[in-house]
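Asker: Single-letter residue listing:
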Amino acid sequence: MKHIKTLNTRSLQESMKKGGCGECQTSCQSACKTSTVGNQTCEQKK
Amino acid sequence: MVHQYRSNGYNIVLDVDSGSVHIVDDLVYDIINSVKQDPSCSDESVIEAYSGQYPESDVREALEEVRTLQKQGQLFAEDIYHGAVLDFRKRQTVVKALCLHIAHDCNLACQYCFAEEGEYHGRRALMSFEVGKKALDFLVASSGNRRNLEVDFFGGEPLMNFQVVKDLVAYGRVLEKNSDKHFRFTITTNGVLLNDEIMEFCNAEMDNVVMSLDGRKEVHDRMRPSRNGKGSYDLIVPKFQKFAAQRKALGKQYYIRGTFTHYNLDFAQDVLHFADLGFDQLSMEPVVAPADAPYAIRPEDIPVICEQYDVLAKEMLKREKEGRGFTFFHFMIDLSGGPCVYKRLSGCGSGTEYLAVTPWGDLYPCHQFVGNEQFLLGNVDEGIVRTDIVDTFKCCNVYSREECTKCFARYYCSGGCAANSYNFHGRIDDVYEIGCELERKRVESAIMIKAALADAGGEV
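Chains as they are written, first to last, in this note's numbering: chain E, 8 to 53; chain B, -16 to 443.
Keep in mind the hints are simulated off the structure, nothing from the lab.
Among these hints, one or two may not hold up.
In silico DSSO-like pairs for lysine-lysine, Cα to Cα no more than 30 Å straight-line [stated by the list, open to error]:
| hint | chain 1 | residue 1 | chain 2 | residue 2 |
| --- | --- | --- | --- | --- |
| 1 | E | 52 | B | 301 |
| 2 | B | 377 | B | 164 |
| 3 | B | 116 | B | 149 |
| 4 | B | 200 | B | 297 |
| 5 | B | 235 | E | 52 |
| 6 | E | 24 | B | 377 |
| 7 | B | 149 | E | 53 |
| 8 | B | 231 | B | 297 |
| 9 | E | 24 | B | 164 |
Quick list of the computed label-pair ranges, beta carbon to beta carbon [claimed, not checked]:
| hint | chain 1 | residue 1 | chain 2 | residue 2 | range |
| --- | --- | --- | --- | --- | --- |
| 10 | B | 25 | E | 28 | 42 to 48 Å |
| 11 | B | 65 | E | 53 | 27 to 33 Å |
| 12 | B | 24 | E | 28 | 40 to 46 Å |
| 13 | E | 28 | B | 261 | 36 to 42 Å |
| 14 | B | 308 | E | 30 | 27 to 33 Å |
| 15 | E | 25 | B | 263 | 28 to 34 Å |
| 16 | E | 53 | B | 263 | 17 to 23 Å |
| 17 | B | 183 | E | 12 | 43 to 49 Å |
| 18 | B | 44 | E | 30 | 42 to 48 Å |
| 19 | B | 409 | E | 25 | 34 to 40 Å |
Ideal placement from N, C-alpha and C gives every residue a C-beta, glycine not left out.
Please put together the full structure from these sequences, using the hints given.
Answerer: Following this line, the structure appears as structure tokens:
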């Protein structure tokens, strides 16, 4: 595309099919104790 | 929903419900804005609207690209997740993470501590090995078919009860051998008692270590004095530098984690101070405090803080180019391998899959609820007895908060913090508005960084 550069695919819809395994890290156990789920990586994609 | 914004010279379009991120030129930026205002607008009306400003052939070409992305589900995608997430939340609850309050005691007297010098509105206490052992047994028994289990040693200051930390890790390793479970141990420390023996143990056993440091010496010492009022910066920084260097050499995770307050709204300088000290895995969070606390973040501070996130993002990009990059926890967004939509919409897991355990074995929805008897769920002997409280947390998700349904950042913050909501509004399914504003800004900054890295041909 000439006018648009897309950085990623439609990942949210696709995650409905394979997601929900629950093996990912609990967000609170990373580097925060007071404030973000979205900055984790899916365990299946590591 | 589509969110579009300009940052650092980039026109950025976030297609909220697909998660797609597009970097576009001015023409497409304008066209998308038109379609956003009038979703039923015809192609001819768009072409007519912009042919005065841009060559008509360009307008037709750009519009075709927009329509192609729409057809591919990457632009103006619909929210198709509501029913699926509600079904997901009806599943049986399993517990997969515990925050073990190994010590309700502390050797610092941080002004902003929600644990009130480590005591959590109660009495000083250290967790016994017996209570900790029961907690790990409870975790294994309550974890269903989850394999990865997490245990965070928290406080107070966990190193004030280090022998029990060591004994519980050893017990966890025994449990691993007798089951198909894998324990991921983490610890948070203020560094006062850190020594070579503790570093060696943590390097062998801890998947992550969070070291508490607030930034520049005068900033840190003002908020994190010892019990006798003396600052702690000079004591802990050399130890943290040694510890971080060891973990980096071993390829192990660590975070230098700070709290910024109304007193250091120029907190980007504190984050950069971390980097200048040689640390490269950094985290800095806004203080959450009663609105009348002198150090609390105020609504009028928000523009200053947002500007600081811009300063930090630009400096991160500059240092990345110079080969001395660092990671900043709140700017980490994995655009292609991020969490599934179920995780994003159901939140942090507090009160359901993540629980806090007090030194005497009581269970609470998370570390921030500890000491509030209204949220006492049970204990390590009897397990969860207040399933009604668990059910309220289970129903707490993005769709239960009206503000979230209108917010572009909902798939990144996942509805925000139940404890913050409770502290400010007396209910767990509301939002903490200042936190929302800052989260939206952080998401915008994080995506801008991705755009700039892509522009430079780097890894997105």
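Asker: Compare the structure with each hint and give your call.
Answerer: For each hint, the structure was consulted:
1. 52(E) x 301(B): 29 Å, holds
2. 377(B) x 164(B): 24 Å, holds
3. 116(B) x 149(B): Cα-Cα ~12 Å, so holds.
4. 200(B) x 297(B): With a Cα-Cα distance of about 24 Å, the restraint between residue 200(B) and residue 297(B) holds, given a limit of 30 Å.
5. 235(B) x 52(E): 19 Å, holds
6. 24(E) x 377(B): With a Cα-Cα distance of about 22 Å, the restraint between residue 24(E) and residue 377(B) holds, given a limit of 30 Å.
7. 149(B) x 53(E): 29 Å, holds
8. 231(B) x 297(B): Judged against 30 Å, a Cα distance of about 25 Å means the pair holds.
9. 24(E) x 164(B): Given that 30 Å is the threshold and the Cα spacing comes to 25 Å, the pair holds.
10. 25(B) x 28(E): 42 to 48 Å: With Cβ atoms ~44 Å apart, the hint holds.
11. 65(B) x 53(E): 27 to 33 Å: 28 Å, holds
12. 24(B) x 28(E): 40 to 46 Å: 41 Å, holds
13. 28(E) x 261(B): 36 to 42 Å: 37 Å, holds
14. 308(B) x 30(E): 27 to 33 Å: Holds, at about 29 Å.
15. 25(E) x 263(B): 28 to 34 Å: 32 Å, holds
16. 53(E) x 263(B): 17 to 23 Å: 20 Å, holds
17. 183(B) x 12(E): 43 to 49 Å: 48 Å, holds
18. 44(B) x 30(E): 42 to 48 Å: Holds: the Cβ-Cβ distance is about 44 Å, inside 42 to 48 Å.
19. 409(B) x 25(E): 34 to 40 Å: 39 Å, holds
The structure is consistent with each of the numbered hints, conforming to all of them.
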